[in-house]
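Enquirer: Residues per chain are reported as follows:
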Amino acid sequence: MTPIERIESLFHQARALPAGVERRQWVDEQCGNDRETAAQLLALLDSDQAISHLPGPVAAAEPPVPTAQFGAYRAVELLGRGGMSAVYKARRSDGRFEQTVALKIMAGYLAGPEFLRRFELERQLLATLSHNHITRLLDGGVSSAGDPYLITEYVEGRTIDQYCDEEKLDVAARLRLFLQVCEAVDHAHRNRIVHLDLKPANILVDSEGSVKLLDFGTAALAAPGKSSLTAVGLLTPRYASPEQLRGQPVGAATDVFSLGVVLYEMVTGAWPFGDPASALSELCRAVGDAPVRPPTGVVTAEAARSRSTPVDRLRHMLRGDLSAILIKALEDDATRRYESVTRFAADVRHFLEHRPVSARRQTAWYRARKFHRRHRVAVTAAALLFLFVAASAAFLYQVRLRNEEQERHAAGLSKIVTQASLMITEHIQKSQLELAREEELSLRESLEQEQRDNPDNPLIWNLLGSAYMQLGQLEWFRYGPSFMDRDRALDSYGRARAFFEKMERRHAAGALDQSVAARMYESEMLIETGRGWEAFREVVQLLRDDEAALPSRDSRSFGSVGNLASYYDMLSDRLGGNMAWPEEDADAPGWRRALAALQPSRMTNSIAMTLYRAVLTPPAGAGPEAIPERGGAIVRLQLGRLQLQVGMREAGWQSLREALRAFSVAAATTHDSGYVLDHLAGAHIQLSRAAEAEGKFAEALREREQAMACLDKLAAPQPRSLYQKERVGGLRLASARLLNRLGRRAEALREGQAGLRDLRENAAQPRAAALTLDLAAQRLLTAEPLQLRDPAQAREYARRAVDQTAATMPPYLVTLAFAELAMGHQEAARQTARSAVEGYRKVGEILKPLFDSSRYPEAASLYREWRKQLEQLPDLH
Amino acid sequence: MPSESPFPSEITGLLHRWKDGDREALASLASVAYKDLRAIAAGYLRREGAGHTLQATGLVNELYLRLAQVRRVELIDRGHFFAFAAQLMRMVLIDHARRARAQKRPAAGFRVPLHEEMAWVDASNDDMLALDTALTQLEALDGRKVRVIELRYFLGCTNDEAAGLLGVSRATVDRDLDFSKAWLHHRMLGLSGAPAPDR
Chain A
138 MTPIERIESL FHQARALPAG VERRQWVDEQ CGNDRETAAQ LLALLDSDQA
188 ISHLPGPVAA AEPPVPTAQF GAYRAVELLG RGGMSAVYKA RRSDGRFEQT
238 VALKIMAGYL AGPEFLRRFE LERQLLATLS HNHITRLLDG GVSSAGDPYL
288 ITEYVEGRTI DQYCDEEKLD VAARLRLFLQ VCEAVDHAHR NRIVHLDLKP
338 ANILVDSEGS VKLLDFGTAA LAAPGKSSLT AVGLLTPRYA SPEQLRGQPV
388 GAATDVFSLG VVLYEMVTGA WPFGDPASAL SELCRAVGDA PVRPPTGVVT
438 AEAARSRSTP VDRLRHMLRG DLSAILIKAL EDDATRRYES VTRFAADVRH
488 FLEHRPVSAR RQTAWYRARK FHRRHRVAVT AAALLFLFVA ASAAFLYQVR
538 LRNEEQERHA AGLSKIVTQA SLMITEHIQK SQLELAREEE LSLRESLEQE
588 QRDNPDNPLI WNLLGSAYMQ LGQLEWFRYG PSFMDRDRAL DSYGRARAFF
638 EKMERRHAAG ALDQSVAARM YESEMLIETG RGWEAFREVV QLLRDDEAAL
688 PSRDSRSFGS VGNLASYYDM LSDRLGGNMA WPEEDADAPG WRRALAALQP
738 SRMTNSIAMT LYRAVLTPPA GAGPEAIPER GGAIVRLQLG RLQLQVGMRE
788 AGWQSLREAL RAFSVAAATT HDSGYVLDHL AGAHIQLSRA AEAEGKFAEA
838 LREREQAMAC LDKLAAPQPR SLYQKERVGG LRLASARLLN RLGRRAEALR
888 EGQAGLRDLR ENAAQPRAAA LTLDLAAQRL LTAEPLQLRD PAQAREYARR
938 AVDQTAATMP PYLVTLAFAE LAMGHQEAAR QTARSAVEGY RKVGEILKPL
988 FDSSRYPEAA SLYREWRKQL EQLPDLH
Chain B
16 MPSESPFPSE ITGLLHRWKD GDREALASLA SVAYKDLRAI AAGYLRREGA
66 GHTLQATGLV NELYLRLAQV RRVELIDRGH FFAFAAQLMR MVLIDHARRA
116 RAQKRPAAGF RVPLHEEMAW VDASNDDMLA LDTALTQLEA LDGRKVRVIE
166 LRYFLGCTND EAAGLLGVSR ATVDRDLDFS KAWLHHRMLG LSGAPAPDR
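The listed protein sequences derive, respectively, from chains A and B.
Take any residue in the first sequence, note its place counting from 1, add 137, and you have its number in this note's numbering.
Take any residue in the second sequence, note its place counting from 1, add 15, and you have its number in this note's numbering.
Isolated chain A (complex conformation):
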């Protein structure tokens, strides 16, 4: 224990004892001869005592009730103090009438000539406000002492939150009361007066249950053009809108927001943005960093009691429509809130009448508004697929446009699709799944409508195709936020494909690229829905179609060949090519060793390498500048990986280093950092593998750490996607393995456990992808240090992966077989292994046409070798 730790420990223990003799004796005992420590300890305890006995912050002594004359009135009794003002009960003092009023005196230093001028103007305006639910302004001016003041109706009543809680009003009653408030605010808005300081303290309810609003317009009066109203201490940040916190222009939408906060509290009993005691929340809100907490999650039993409703029922009521209303009123972006208090009130009324609520039908569809790019969808690696497609296809479009109007319509359409997609993504990220669904359904309807309206326009087909691709990715995507709904995604990709095929038939350039991409995505969905054989057949077909078209593509061959190469790469993955099963002990059955060494993707890897090399060769007559910078780097990364896998060390290292260099440069200069960081991480991972293969464990570990740093940066503004978690989990496990080899066992264990936790969390998702499950299973079987392994759970995951894919994916069967073997179930393992081999034979047959010896001689011969190896697997017959 360090000296300070010791003092600390003694301090806390001593504190627990009563002050005085007992404590001093204990200190003496503990310290013995160490007088220095004892003295220090006692001094600290003294300070501790002194602190707790300090008087609290000096409360401002209440000023005496002012005696000055304020118009015809004199102050009688203090009612309350605000930031820069004080309110008194006052009486008419000219002996003519008996009248009690409220007298608000504003801080003297505010009164300059400018202020007085505005005060006069505002007073005229406020005097015209006449409404049941608004306290009337009777008079105002500047006192003889120089203080500006306002005289309003005096209202006996409780603040609205007090009233509701004391009367234990239920939600419906509270909503009805709220409607009165809306009426009042709406009336003021129609008279061009905004409140800007709406809060429960300004909303009184009298003995008859009628609402009275106070303090209209005074906030605007006091500080126009100040950098931030809360800074001047005039505003309670708790109910302030984001624009007020930021010192931006305010308006009617500001009142909508404050009303939203009030309603949220009335209905749930909690503050929408977390802990109101925290100064940090105000700051976070100013930046737009504070999401609205879902109303169903914040109700407590106590709140339910004040609302005369059982907790469950209250939660149920808050779901759906009422939540949507609150969220709409509390939007950070003023343009997305209710446009007026009238509409806000209308929705509340509809809710009370059990009618549909506009907040839920809200879509971005017919709003051509500027959309803030605050919530960018994190770009991830699998979008790599689309790098080439987007670059090569959509803009090569050569359909002759009929007229400018069409073009504008198309542009508008595509913007709307993007907006809708971003909104859906946002909703999913905020776990507002019902809202996301609504948007998705609405988008689908609109797309179908568009199709009906424009059945014969290739420009629209292109857009619809792309729109369905985007929709598909929102419905099921391993790499980003999605609904995890395979069937829907399959449907979307199918539709996308249909549109692109239509375009192909019209000989639209670039249509082929897109339809092939759509088919690739579709095939992924087929695998995930248990139609694996079909998927493999589909892939063979699309690869042949794609290759057949290659010679006819000229100017964008980089993109086209690049795509083709990446499809072969994806096929390698599906064959199980990326996993390296480590050496096992000598008494494992022969088939296990043979299966582990099978390398099912050697053929497709060979083709991919050939294609990647071709991509990096500039076309005839062109120089190296013909290769796009970033695309080239990505290709080098993949090529390097493949070269190392087949043992081409020199070439592999060089490719990787070049890729790393290009990515590092891009990372420093580009604003699209998410995308580049992702690839940079990939480059470090490959370098790590290369180093590990050569036994350079320390270097390998360093590369892993670099990769981790990139992924950390990537995750920062948003929660990690499943895919990123998978990568991080894999990274941690690799680091664990390396740390173990370097003898750093404790760290290795920690990292390994963290990595497994990531993977387990992913696998625990109810609709986890089969690929995710298989990966988790593999890692659980091969983790190092050995005590991290969990064959039982590995078997569970592998089983799920196999079931989900209806046993049509041979690599998943291999994983399952290995898991069963690790559990000691020899016979079951053997059976599963047999199925795996069967599966590989079947897939091999399906894929055979790809390995045509005239085009890819090396691949063809590798294929023959592979088939032979399959036949000769020991012990399985």
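The reader is advised that the hints may include incorrect statements.
Stated by the list, open to error - Computed spacing ranges between beta-carbons, pair by pair:
#, chain 1, residue 1, chain 2, residue 2, range
1, A, S146, B, D175, 22 to 30 Å
2, B, D175, A, R172, 35 to 43 Å
3, B, A155, A, R794, 40 to 48 Å
4, B, D175, A, R574, 32 to 40 Å
5, B, A155, A, R574, 53 to 61 Å
6, A, Q162, B, G205, 23 to 31 Å
7, B, G158, A, E571, 44 to 52 Å
Note that these hints are calculated values from the structure, not bench results.
Beta carbons are placed, not taken as given, at the ideal position from N, Cα and C, and that holds for glycine.
We have chain A already, so just place chain B on it with the hints.
Expert: The following block gives chain B in isolation, referenced to the frame of chain A:
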């Protein structure tokens, strides 16, 4: 609205250096980007605010508004960001106190307690210099305690938030605070030469 904002990359560079342990970068950043922050601080600390703690002056808000731009530009994680904001806040106050002393200005005339729980420290005067020295000494013994103090009392986080930002338990934060306050109080007595309290 923030007046002159330097290029994001400049701020980013400084932020990185600060993250890597370069304390000078913090000073540079404050002087480069937020010249007017000191003037604002001076204004707030002069305001009629008897009984108000620093939190209520809104100075923290101003700070944040300026830093908010920066955060959007740079993907820096929350923990680091708030730690940075807290330290910047501390710097601004120290700076204000130093200038006041150098210019031999009279004390503001009323106290602005740093925080309800540290009411013995007046944020508007020399107390801040003593506190800064004491914090620097504490930093040598246990940096985390200083971070907790900064987050709680300079930035106004709740105990739970501080725990979350620092990645420790709430109990740890509570203990750190109890000890640190006593320690700082004791140190500051020594520094300012005030009479010892009654036992």
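Enquirer: Need the list of violated hint numbers for this structure, in ascending order.
Expert: none
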